[in-house]
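Based on the sequences and whatever the hints tell you, model everything.
Protein chains in written order, with my numbering: chain A, 1 to 114; chain B, 115 to 230.
Bear in mind the hints are in silico, worked out from the structure with no lab data behind them. One thing to keep in mind: the hints can contain errors.
[Unchecked claim] Below 27 angstroms or equal to it, Euclidean Cα-Cα: the simulated BS3-like pairs (lysine-lysine) are:
(1) A:42 x A:78
(2) A:42 x B:184
(3) A:57 x A:83
(4) A:57 x B:187
(5) B:187 x B:169
(6) A:57 x A:78
(7) A:83 x A:42
(8) A:42 x B:192
(9) B:187 x A:42
(10) B:169 x B:184
(11) B:192 x B:169
(12) A:57 x A:42
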Amino acid sequence: EPEVTQTPSHQVTQMGQEVILRCVPISNHLYFYWYRQILGQKVEFLVSFYNNEISEKSEIFDDQFSVERPDGSNFTLKIRSTKLEDSAMYFCASSATVLNTEAFFGQGTRLTVV
Amino acid sequence: AQTVTQSQPEMSVQEAETVTLSCTYDTSESDYYLFWYKQPPSRQMILVIRQEAYKQQNATENRFSVNFQKAAKSFSLKISDSQLGDAAMYFCAYRSRETSGSRLTFGEGTQLTVNP
Chain A
1 EPEVTQTPSH
11 QVTQMGQEVI
21 LRCVPISNHL
31 YFYWYRQILG
41 QKVEFLVSFY
51 NNEISEKSEI
61 FDDQFSVERP
71 DGSNFTLKIR
81 STKLEDSAMY
91 FCASSATVLN
101 TEAFFGQGTR
111 LTVV
Chain B
115 AQTVTQSQPE
125 MSVQEAETVT
135 LSCTYDTSES
145 DYYLFWYKQP
155 PSRQMILVIR
165 QEAYKQQNAT
175 ENRFSVNFQK
185 AAKSFSLKIS
195 DSQLGDAAMY
205 FCAYRSRETS
215 GSRLTFGEGT
225 QLTVNP
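What follows is the structure in structure tokens.
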């Protein structure tokens with residue numbers, strides 16, 4: 001069964017460092033997303049991406065964040081200068097068509113900023 | 115903006131019994147999807163069940179079923195014959211069908227404990 005794959009599973013980084021989280025969405029999917037979950041809290045939307053551009057972003061997704069689809073398979077989230085409060089689980093998700101079927105989630109990347 | 119509310123932070127159930135998790139939402143849209151996601155300790159988000167708002171029939175997936183009350187904006191999840199593996203955090207989520215590729219909006223989650 002196709003699945004969304006995220007790497008790494010756990011990333012530890014020092015405050016102020018740049019970090020790139022990687023995702024390989026399901027191959028025939030068109031919409032890509034990043035969500036964040038701070039420990040013990042609900043899952044929050046960060047950004048959606050379609051047709052090689054951002055289609056929607058939340059207020060959390062400020063200038064420190066960027067997304068890219070550098071080739072036909074990868075979808076990345078970059079945090080330019082990490083802060084302690086960026087420590088969270090980051091989920092990549094993808095969905096197939098304009099019919100708005102369900103989003104399939106990756107297993108998440110746990111980011112710890114020290 | 116849409117909001118999703120889960121008023122039960124924690125629930126518990128005996129193995130083999132039935133439990134119902136509550137969810138309410140607020141929206142001005144008429145066409146949307148509702149979902150229940152399960153998040154076990156591994157923290158992966160696993161889709162349990164989905165409901166299209168235009169369908170009157172409640173969705174069912176094996177031991178999981180929903181009670182969708184569109185007028186009341188209520189979407190509860192019933193788990194029958196609960197199993198130890200059902201223990202997890204459960205999130206209710208909303209997604210617009212009126213905008214392509216729209217975001218999921220999640221509730222706060224309900225932590226379900228299954229007692230042997």
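Each hint, compared with the structure:
1. A:42 x A:78: holds (22 angstroms)
2. A:42 x B:184: Given that 27 angstroms is the threshold and the Cα spacing comes to 24 angstroms, the pair holds.
3. A:57 x A:83: holds (19 angstroms)
4. A:57 x B:187: Cα-Cα ~26 angstroms, so holds.
5. B:187 x B:169: Roughly 14 angstroms between the alpha carbons, so the hint for residue 187 of chain B and residue 169 of chain B holds.
6. A:57 x A:78: holds (14 angstroms)
7. A:83 x A:42: Holds, because 20 angstroms separates the two Cα atoms, which is no more than 27 angstroms.
8. A:42 x B:192: Cα-Cα ~21 angstroms, so holds.
9. B:187 x A:42: Holds, at about 20 angstroms.
10. B:169 x B:184: holds (10 angstroms)
11. B:192 x B:169: holds (18 angstroms)
12. A:57 x A:42: Judged against 27 angstroms, a Cα distance of about 17 angstroms means the pair holds.
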